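Peer 1: My request is simple: use the sequences and hints to build the entire structure.
Here the protein sequences line up with chains F and U, keeping their order.
With our numbering applied, the first sequence has no gaps in its numbers, which climb one by one up to 147 at the end.
With our numbering applied, the second sequence has no gaps in its numbers, which climb one by one up to 147 at the end.
Just so you know, the hints here were simulated from the structure itself, not pulled from any lab data.
Only a predicted model underlies this, so the values are computations on that prediction, with no experimental measurement involved.
By construction, the Cβ of each residue, glycine as well, lies at the ideal position given by its N, Cα and C atoms.
Incorrect hints may appear among the rest.
Claimed, not checked - Subject to a maximum C-alpha distance of 16 Å in a straight line, what follows is the list of computed EDC-like cross-link-like pairs (lysine to aspartate or glutamate):
id: 1; chain 1: F; residue 1: Lys124; chain 2: U; residue 2: Glu110
id: 2; chain 1: U; residue 1: Lys124; chain 2: F; residue 2: Glu110
id: 3; chain 1: U; residue 1: Lys72; chain 2: U; residue 2: Glu19
id: 4; chain 1: U; residue 1: Lys124; chain 2: F; residue 2: Asp51
id: 5; chain 1: F; residue 1: Lys123; chain 2: U; residue 2: Glu19
id: 6; chain 1: U; residue 1: Lys114; chain 2: F; residue 2: Glu118
id: 7; chain 1: U; residue 1: Lys53; chain 2: U; residue 2: Glu68
id: 8; chain 1: U; residue 1: Lys117; chain 2: F; residue 2: Asp113
id: 9; chain 1: U; residue 1: Lys123; chain 2: F; residue 2: Asp113
id: 10; chain 1: U; residue 1: Lys123; chain 2: F; residue 2: Glu89
id: 11; chain 1: F; residue 1: Lys124; chain 2: U; residue 2: Glu19
id: 12; chain 1: U; residue 1: Lys78; chain 2: U; residue 2: Glu110
To be verified - Residues from chain F that face chain U, not an exhaustive set, calculated with beta carbons under 8 Å:
id: 13; residue: Tyr7
id: 14; residue: Thr83
id: 15; residue: Gln87
id: 16; residue: Lys123
id: 17; residue: Phe128
Said to hold, decoys possible - Anything over 12 Å on all C-beta distances counts as not near chain F; from chain U, calculated:
id: 18; residue: Tyr17
id: 19; residue: Glu19
id: 20; residue: Val27
id: 21; residue: Ala31
id: 22; residue: Met52
id: 23; residue: Asp54
id: 24; residue: Ala61
id: 25; residue: Asn95
id: 26; residue: Phe111
id: 27; residue: Ala119
2 protein chains.
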Amino acid sequence: MKEENTYSLAKQIFTEYLEANRCRKTVERYAILERVYAYRTHFDAETLFNDMKDNFRVSLATVYNTLELLLKCKLVVKHQFGTQPAQYEKACNNNVHQHLICTNCGKISEFTDKRIKEAILAKKFPNFQAAQYSLYVYGRCKKCRRK
Amino acid sequence: MKEENTYSLAKQIFTEYLEANRCRKTVERYAILERVYAYRTHFDAETLFNDMKDNFRVSLATVYNTLELLLKCKLVVKHQFGTQPAQYEKACNNNVHQHLICTNCGKISEFTDKRIKEAILAKKFPNFQAAQYSLYVYGRCKKCRRK
DNA sequence: TTTGTTGCAAAACGTTTGCAGCCTC
DNA sequence: GAGGCTGCAAACGTTTTGCAACAAA
Numbered sequence: 001m002k003e004e005n006t007y008s009l010a011k012q013i014f015t016e017y018l019e020a021n022r023c024r025k026t027v028e029r030y031a032i033l034e035r036v037y038a039y040r041t042h043f044d045a046e047t048l049f050n051d052m053k054d055n056f057r058v059s060l061a062t063v064y065n066t067l068e069l070l071l072k073c074k075l076v077v078k079h080q081f082g083t084q085p086a087q088y089e090k091a092c093n094n095n096v097h098q099h100l101i102c103t104n105c106g107k108i109s110e111f112t113d114k115r116i117k118e119a120i121l122a123k124k125f126p127n128f129q130a131a132q133y134s135l136y137v138y139g140r141c142k143k144c145r146r147k
Numbered sequence: 001m002k003e004e005n006t007y008s009l010a011k012q013i014f015t016e017y018l019e020a021n022r023c024r025k026t027v028e029r030y031a032i033l034e035r036v037y038a039y040r041t042h043f044d045a046e047t048l049f050n051d052m053k054d055n056f057r058v059s060l061a062t063v064y065n066t067l068e069l070l071l072k073c074k075l076v077v078k079h080q081f082g083t084q085p086a087q088y089e090k091a092c093n094n095n096v097h098q099h100l101i102c103t104n105c106g107k108i109s110e111f112t113d114k115r116i117k118e119a120i121l122a123k124k125f126p127n128f129q130a131a132q133y134s135l136y137v138y139g140r141c142k143k144c145r146r147k
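Peer 2: Pasting the structure below:
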């Protein structure tokens, strides 16, 4: 799927969500969504705020508020890696997230393993309605291995 | 394995770690280890601090310091569920942790699935030395399902 | 005796909240 | 025009840090 299409689809979903919940369609909210969908990696609220304020005036509080809305309509996903600030990423219809986190330098990378993904999706929970999966693998990256 | 044996083994491992790293064997450190190994569930630093101070005088800073040491010698494992305070648990030779987290009420429970565990352990990373695995499944628990 | 460790309090950090004014509906 | 949303700054809760006193080696 093209980058552009992804964003315009997200915009449409967001609009429908806002209307359904009687929330106002403010310029701030769409500006944040657009910036979020321009990222190709994880980002935190502070980074998003800094990246935006050159072109557009928003407050950090609004950034947090909007991210909360985007989480609710599943357009972004939130991750908490250790004690570092919460990381967000656009959702892209992928509800299985697999991450490698270096416990020495904090570097985060992603991987995909079909067998793991299938095993997770096959699991049924009797008293739990599962929506999203995150696998975090902690260890040492190549650079930090010998330290 | 008996509860008692688990703790005495942990104590032995901790002693060896402290000696190897030229750290002092203080009463505070052993008192914290003992309390940690008495838990059967997850706990946070604040809870541990409160549970201890009736019988033993320690500061919250020492609790954090000691937990950090216990993490380093792999006697405890740390989890970060959303924005809530970091949760710790004793390690018990289990490096694959599988959690269900309700995104509505925040309730955390554990499960084990052999197929998932095997798929995870079978995965080889060319540039990463994996040490610990945490799978978080987000969704709604039975009570919150209909809300 | 030396110096790592402690308790305490204050600081740091990410995130949330209160409020007056603004702007969508 | 009404009330949800914004920016700002202050508040919050968890975790870290600085420092003087203490105690393990």
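Peer 1: Now, for every hint given, state plainly whether the structure supports it.
Peer 2: These are the hints, each one checked on the structure:
In summary, the hint linking Lys124 (chain F) to Glu110 (chain U) is supported, as the alpha carbons are separated by about 14 Å, within the 16 Å threshold. Between Lys124 (chain U) and Glu110 (chain F), the direct Cα distance comes to roughly 14 Å. Compliance with the 16 Å bound is thereby established for this hinted pair. Proposed proximity of Lys72 (chain U) and Glu19 (chain U) is supported: the alpha carbons are some 14 Å apart, at most 16 Å. Taken as a hint, the Lys124 (chain U) and Asp51 (chain F) pair is broken in the structure, with Cα atoms around 36 Å apart against an allowance of 16 Å.
A threshold of 16 Å between alpha carbons decides the hint, and for Lys123 (chain F) with Glu19 (chain U) the separation of about 44 Å lies outside it, so the pair is violated. A distance of roughly 13 Å separates the Cα atoms of Lys114 (chain U) and Glu118 (chain F); the hinted pair therefore holds under the 16 Å criterion. The hinted pair formed by Lys53 (chain U) and Glu68 (chain U) fails the criterion: a straight-line CA distance of about 19 Å is larger than 16 Å. Taken as a hint, the Lys117 (chain U) and Asp113 (chain F) pair is honoured in the structure, with Cα atoms around 13 Å apart against an allowance of 16 Å.
At roughly 8 Å between alpha-carbon atoms, Lys123 (chain U) and Asp113 (chain F) fall within 16 Å of each other, so this suggested pair holds. Restraint check for Lys123 (chain U) and Glu89 (chain F): not satisfied, since their Cα atoms lie roughly 24 Å apart, outside the 16 Å limit. Between Lys124 (chain F) and Glu19 (chain U) the CA atoms are separated by roughly 46 Å; this puts the pair beyond 16 Å, and the hint is violated. The suggested pairing of Lys78 (chain U) with Glu110 (chain U) holds, with an alpha-carbon distance near 14 Å, which does not exceed 16 Å.
Checking Tyr7 (chain F) against chain U: minimum C-beta separation of about 25 Å lies over 8 Å; hint violated. For Thr83 (chain F), the interface hint holds, since its Cβ comes within 8 Å of a Cβ in chain U; the closest pair sits about 7 Å apart. Look at Gln87 (chain F): its Cβ only gets to about 11 Å from chain U, farther than 8 Å, so that hint breaks. The beta carbon of Lys123 (chain F) comes within 5 Å of a beta carbon in chain U, closer than 8 Å, and the hint placing it at the interface holds.
Look at Phe128 (chain F): its Cβ gets to within about 5 Å of chain U, closer than 8 Å, so that hint holds up. A cut-off of 12 Å between C-beta atoms confirms that Tyr17 (chain U) is not in contact with chain F; the least separation is 16 Å. Taking the minimum C-beta to C-beta distance to chain F, about 21 Å, the non-interface status of Glu19 (chain U) holds against the 12 Å cut. The non-interface label for Val27 (chain U) is consistent with chain F: the shortest C-beta to C-beta separation is roughly 28 Å, beyond 12 Å.
With a least CB separation of 24 Å from chain F, Ala31 (chain U) remains clear of the 12 Å interface cut-off, as annotated. With a least beta-carbon separation of about 22 Å from chain F, Met52 (chain U) lies farther than 12 Å from that chain, consistent with its non-interface assignment. The beta carbon of Asp54 (chain U) is kept farther than 12 Å from every beta carbon of chain F, the shortest such distance being approximately 28 Å. In this structure Ala61 (chain U) is separated from chain F by more than 12 Å, as the shortest Cβ-Cβ distance comes to about 15 Å.
Its beta-carbon lying about 9 Å from the closest one in chain F, Asn95 (chain U) breaks the requirement of being farther than 12 Å from that chain. Interface exclusion of Phe111 (chain U) from chain F breaks down, the closest Cβ pair being 7 Å apart, not more than 12 Å. Its beta-carbon lying about 4 Å from the closest one in chain F, Ala119 (chain U) breaks the requirement of being farther than 12 Å from that chain.
Checked against the numbered hints above, the structure violates hints 4, 5, 7, 10, 11, 13, 15, 25, 26 and 27; every other hint is satisfied.
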